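Residue numbers (the working numbering), protein chains in the order written: chain A, 1 to 351; chain B, 1 to 351; chain C, 1 to 351; chain D, 1 to 351.
Hints are computed from structural coordinates only; laboratory data are not their basis. Bear in mind that the values here come from a model prediction, so they are computed numbers and not experimental data. From the three backbone atoms N, C-alpha and C, an ideal C-beta is built for every residue, glycine too. Check the hints yourself; a few may be wrong.
As the list claims (entries may be wrong) - Label pairs and their computed distance ranges (CB to CB):
(1) C:Asp134 with B:Gln290: 25 to 35 Å
(2) C:Asn58 with D:Gly263: 32 to 42 Å
(3) A:Asp262 with C:Asp67: 25 to 35 Å
(4) B:Asp321 with C:Asp134: 50 to 60 Å
(5) C:Asn58 with B:Gln290: 31 to 41 Å
(6) C:Asn58 with B:Gly36: 26 to 36 Å
(7) C:Asn58 with B:Leu14: 35 to 45 Å
(8) B:Asp262 with A:Ile343: 22 to 32 Å
(9) D:Arg348 with B:Gly36: 53 to 63 Å
(10) A:Glu83 with D:Gly57: 29 to 39 Å
(11) A:Asp186 with B:Asp321: 16 to 26 Å
(12) C:Gln102 with B:Gly36: 14 to 24 Å
(13) B:Gly36 with C:Gly57: 29 to 39 Å
Claimed, not checked - Far from chain A, some chain D residues (derived; all Cβ distances over 12 Å):
(14) Gly88
(15) Gln191
(16) Glu344
To be verified - Covered by chain A, according to a simulated footprint, are these stretches of chain D (three or more residues, beta-carbon under 8 Å):
(17) 93-106
(18) 313-326
Number of protein chains: 4
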Amino acid sequence: MGKQEIRYAAKVSLDTPPPEQKVLHNRWHPDVPSVGAIKNGEVVKIECLDWTGGQIGNNDSADDVRDVDLTKIHYLTGPFDIETAEPGDVLLVEIQDVQPLQEQPWGFTGIFSRENGGGFLDEIYPKPAKAIWDFEGIFCSSRHIPGVRFAGLIHPGILGCAPSQEVLETWNTREAELISAHSHLDKPVAQPPEPQNVHAGTASDDIKEKVGKEGARTIPGRPEHGGNCDIKNLSRGSKVYLPVHVKGAKFSVGDLHFSQGDGEISFCGAIEMAGVITLKFTVMKDGVSQLGMKSPIYIPGPVEPQFGPGRMLYFEGFSVDEKGKQHYLDATVAYRQTCLRVIEYLKRYGE
Amino acid sequence: MGKQEIRYAAKVSLDTPPPEQKVLHNRWHPDVPSVGAIKNGEVVKIECLDWTGGQIGNNDSADDVRDVDLTKIHYLTGPFDIETAEPGDVLLVEIQDVQPLQEQPWGFTGIFSRENGGGFLDEIYPKPAKAIWDFEGIFCSSRHIPGVRFAGLIHPGILGCAPSQEVLETWNTREAELISAHSHLDKPVAQPPEPQNVHAGTASDDIKEKVGKEGARTIPGRPEHGGNCDIKNLSRGSKVYLPVHVKGAKFSVGDLHFSQGDGEISFCGAIEMAGVITLKFTVMKDGVSQLGMKSPIYIPGPVEPQFGPGRMLYFEGFSVDEKGKQHYLDATVAYRQTCLRVIEYLKRYGE
Amino acid sequence: MGKQEIRYAAKVSLDTPPPEQKVLHNRWHPDVPSVGAIKNGEVVKIECLDWTGGQIGNNDSADDVRDVDLTKIHYLTGPFDIETAEPGDVLLVEIQDVQPLQEQPWGFTGIFSRENGGGFLDEIYPKPAKAIWDFEGIFCSSRHIPGVRFAGLIHPGILGCAPSQEVLETWNTREAELISAHSHLDKPVAQPPEPQNVHAGTASDDIKEKVGKEGARTIPGRPEHGGNCDIKNLSRGSKVYLPVHVKGAKFSVGDLHFSQGDGEISFCGAIEMAGVITLKFTVMKDGVSQLGMKSPIYIPGPVEPQFGPGRMLYFEGFSVDEKGKQHYLDATVAYRQTCLRVIEYLKRYGE
Amino acid sequence: MGKQEIRYAAKVSLDTPPPEQKVLHNRWHPDVPSVGAIKNGEVVKIECLDWTGGQIGNNDSADDVRDVDLTKIHYLTGPFDIETAEPGDVLLVEIQDVQPLQEQPWGFTGIFSRENGGGFLDEIYPKPAKAIWDFEGIFCSSRHIPGVRFAGLIHPGILGCAPSQEVLETWNTREAELISAHSHLDKPVAQPPEPQNVHAGTASDDIKEKVGKEGARTIPGRPEHGGNCDIKNLSRGSKVYLPVHVKGAKFSVGDLHFSQGDGEISFCGAIEMAGVITLKFTVMKDGVSQLGMKSPIYIPGPVEPQFGPGRMLYFEGFSVDEKGKQHYLDATVAYRQTCLRVIEYLKRYGE
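Use the sequences and the hints to build the structure in full.
So, in structure tokens, the structure goes:
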């Protein structure tokens, strides 16, 4: 048996601006050119930038969070052609390992400015804030949050196959209707295609223009392909079953997290990082109809930190807002109120 | 040291109709008479009927689920005066054990009729259904769902202290506004006080009438006192911190579950049972302000079944309904769609 | 469905001296009379005294540990005839629940005097000591070991079926040879039959005399039937497969523990208690040959406390004794040295 | 912040014969020259060969196991000088990651020939055997053991600091006495220094000769420094506290395992592999006396696979050998008999 070193299907640079890196893109579109082929059954390593493409620095100011340019994100690595994959197949992606980039052993969490990005609690916490986390093996700690050190569960926030033109049109129609129906609100309810700062990898100018006009933004997950799933324990040993919509699948991945809670209440609540993910790809022919699949299926791996008794605390959620008004089965109100109570508790008792 | 057998603070009967049992009640109201005193620091056993008070039989017909009388429920045991407890205190309730009644080692799950009770998926599953579960120690199985046997995690669905008159008025005002604001809907969004079938324990007729007119229904949890929390792992070894609103706390408990999932999608999705719960009560003087408590805090115990790797499957939720329409951050739509996908998956693959 | 309360196959008394209680015995012998029949498939409750039969008191003196009469122990409850069980069958015993006796919510650990009982470390700790543990639900704490409180995992130390006369003779021959071979040692290496204080339940005088002369002591486990297995997590939900040697199996159980470590270094290192165990019995016809069974098989249940990260500490064992002499692969030396290091560590750092 | 890529403190080659690789050695001796310095507080990567130094091939014949040259093993990487470490200090080693070498994603388990190496059960299984395990991320499977695939818990078998000359002499005296006391046995009870095939890194000829004459073999662990500890869950996130005996500590590591059981019954029962380990070193000044340390302390990390209920099976051990003879508290006999029963069970039922 000869040497079998796992090959890098793509590498990123921490020095070159992301728009100049050919293996990246930041919209979902079938015409983004493939950056390489991966065999059915192959295991590869794929490097990823952090989701902002390096806009956030390892320093003590939140100005970069305040000023983040959200037309640029998320920078994903890919798309990759998976050999033999065709529409109707399912792409089984097995996560063999996820690690920070060795040359950048830190990540960040951020509270976004209400004026730029916002987040679940932006009415109460409208100002930007940032914490830098230093990684030591599986543990992380932050000079901005003294006294906290814990084992992360590293995972990708985004992975998925490209939409077909037809799926893309479904998305654009559906989301345009949503935006139209909420035009009275003073905040964005979805993000329509955005030509500014579009990155379509090595696409020619006309393709790039098309991707800018039509390409789906990467922030929301979507049932047809998954995308931004943010499942906190999708770590080593996990399996993801993704529906294939175009020839070659055109798989992309990015938005790696060192750790995440059960939600992202501050928009950037995971510990965001650049890293390298080791994936195995297997094509299941005709899998979509065989599995009756309408959206991806995720099977978290067997390895996760055990936190032990007395380490979990529950606050129940109720649909009564901070003004005492009750809402009908409104999980959003309930979740917000619960978050606020947890925050009060942590302020009072820390860990 | 003499004998120290744990005393029963209350026993229930499976033969006497619940309305005739003095230790039960089915509304939250400060005037429901206490059924007994419990010392600060005391450990007692409290028996509870199943939440319907025996309306559901151990048989193979769902007619009783279809015809359940929801004005009667939930039958709770209590209220108990906890000595020294006063408004502003916190009542710490430690769950030492929860067991089915030995003479009734079975429980039930039910899908409620859309015409009577309904539930989260009643548009898709409008007809009543029922499964009886037989208990064998910590395991349960059902002749109506062959091939499934698992270890339950027995817990109380409802526990809380009585509201003060002031808290009760807050509830009634708040919920009346909610009902008023949704009068255009063809379904109930909250349950106003209901004199029919009110049970106020040993209350005199005029008190009983008052409880019927003002008493809060037991179905929803409410932030001021907890109530119907339905936390699936609030089992042996758990602690609950409850705000006290009236002198003596007037604590009640009921709605025991042999096991429950992460939600109750069919309204009666837990395995409902009659049983006995062993509780220790400790009064924390002035606890509400000391803890900055706005709603109860729950600390699940250290003991729970381990299900091991590859036993969990995730389906992501998306706010796109079955007609393809997208909703703005609508957790209800997302949860419903996810439930439907899980049901399809289970139909196809069983366990 | 009528009432189905689980019946007590045997109850014990905390007031009557154990030798006068008909449901107890303290030797393994096929002629100890059955105390009752249990159906194949039946679930019953069985009460047990603590292993010493109440010789140890809830007080602050270790005199009772020093003076314990070891010819009396262990008091087991039984034997029970399991209907249809015959030699060659396997008796499947499922542990549905184990609880302390409600009227005695405490237990004890003891270090035995080197002069009476001794234990693994009796050369270093020759003096008797005792700690009383108070039970609160699944938790225990001791006034003799301040600051320690933890969740127990209640289990039976001893369960097994009676030996046949042939098996008994094998034991007696084998152990007599062992004793003979170690006659030069100044300590007992096995315990031969002991007529003094024999308790054979309701046996007639001549049978009792026979049991005294031939009956196997209960301290060691033995491969042919299990007996004193002391498996720390053989708690609720566990299964035990026991070979049957006599008609009716003649099953006995006792020596309940509130909690135990990975060994019993002080002879009485578990938290010993009186209690009640709920068991289901199922006869597997011809199971011994079908399973190729040479000794019992134990399957611990799915429920156990999780202690979380950083709560375990390992000390390696080495076959070098405290005088620096090395022994050849001697697990006993290694284990003793490791115990001593753990003790030193705990003395220095507490928990 | 600039790039901070973790540096390799040592790399190994799969092509160069181990005796020619300067970063390896295979005896414990204070005079083996340091292969490099590591700062107090530094994190480094260290590559290791498999323990045999590549003697075992990825093929289907056990001839290489039969013929393994045990004078050559274990090839360890090091020793490293940890700056500021001095005798009396404790070296805290934190395991941040352990991975197979990417170019060799496989390992092996072996049953050694009774004539060469042997093992715990060599009287019953005297012939050599081998299984090759292929790694896929955290999972492994073997073409030689069809149907088995599981998540490993990668860890180092050996890590420790060099003995001082004084400690080394203690070892050699102690082990010589052991050998002398067992000269009547027909098998080795310890391994005295062995000049043949000694590898002392870059040592000059005379030093190498000294190391050959005096150097301690790497097979046994020893209390004074740890060495071959083989703790199965000493994986990512673990901490090891090692006593320092010489200036600079002279730390070495090797014998990486992809997975291991609770013992090594076949001498080579772990899945042996070449790999890379990421370690952080911290010097605790005067730690030996402060911790009262007599042997290393190991704190396993928080991450391990969960296997779930019904996945564990216990067989009790008894000191009765296969001929029916009873031994006095002989853990070796008990363990051997239990192993044989487990083997019979697995033969009958597989997984």
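Going down the list of hints, with the structure as the test:
no. : hint                               : in the structure
1   : C:Asp134 with B:Gln290: 25 to 35 Å : holds (27 Å)
2   : C:Asn58 with D:Gly263: 32 to 42 Å  : holds (41 Å)
3   : A:Asp262 with C:Asp67: 25 to 35 Å  : violated (57 Å)
4   : B:Asp321 with C:Asp134: 50 to 60 Å : holds (56 Å)
5   : C:Asn58 with B:Gln290: 31 to 41 Å  : holds (35 Å)
6   : C:Asn58 with B:Gly36: 26 to 36 Å   : holds (29 Å)
7   : C:Asn58 with B:Leu14: 35 to 45 Å   : holds (37 Å)
8   : B:Asp262 with A:Ile343: 22 to 32 Å : holds (23 Å)
9   : D:Arg348 with B:Gly36: 53 to 63 Å  : holds (58 Å)
10  : A:Glu83 with D:Gly57: 29 to 39 Å   : holds (31 Å)
11  : A:Asp186 with B:Asp321: 16 to 26 Å : holds (25 Å)
12  : C:Gln102 with B:Gly36: 14 to 24 Å  : holds (19 Å)
13  : B:Gly36 with C:Gly57: 29 to 39 Å   : holds (33 Å)
14  : Gly88                              : holds (26 Å)
15  : Gln191                             : holds (32 Å)
16  : Glu344                             : holds (28 Å)
17  : 93-106                             : holds (count 10)
18  : 313-326                            : violated (count 0)
Consistency with the previously given hints fails for numbers 3 and 18, ordered from lowest to highest.
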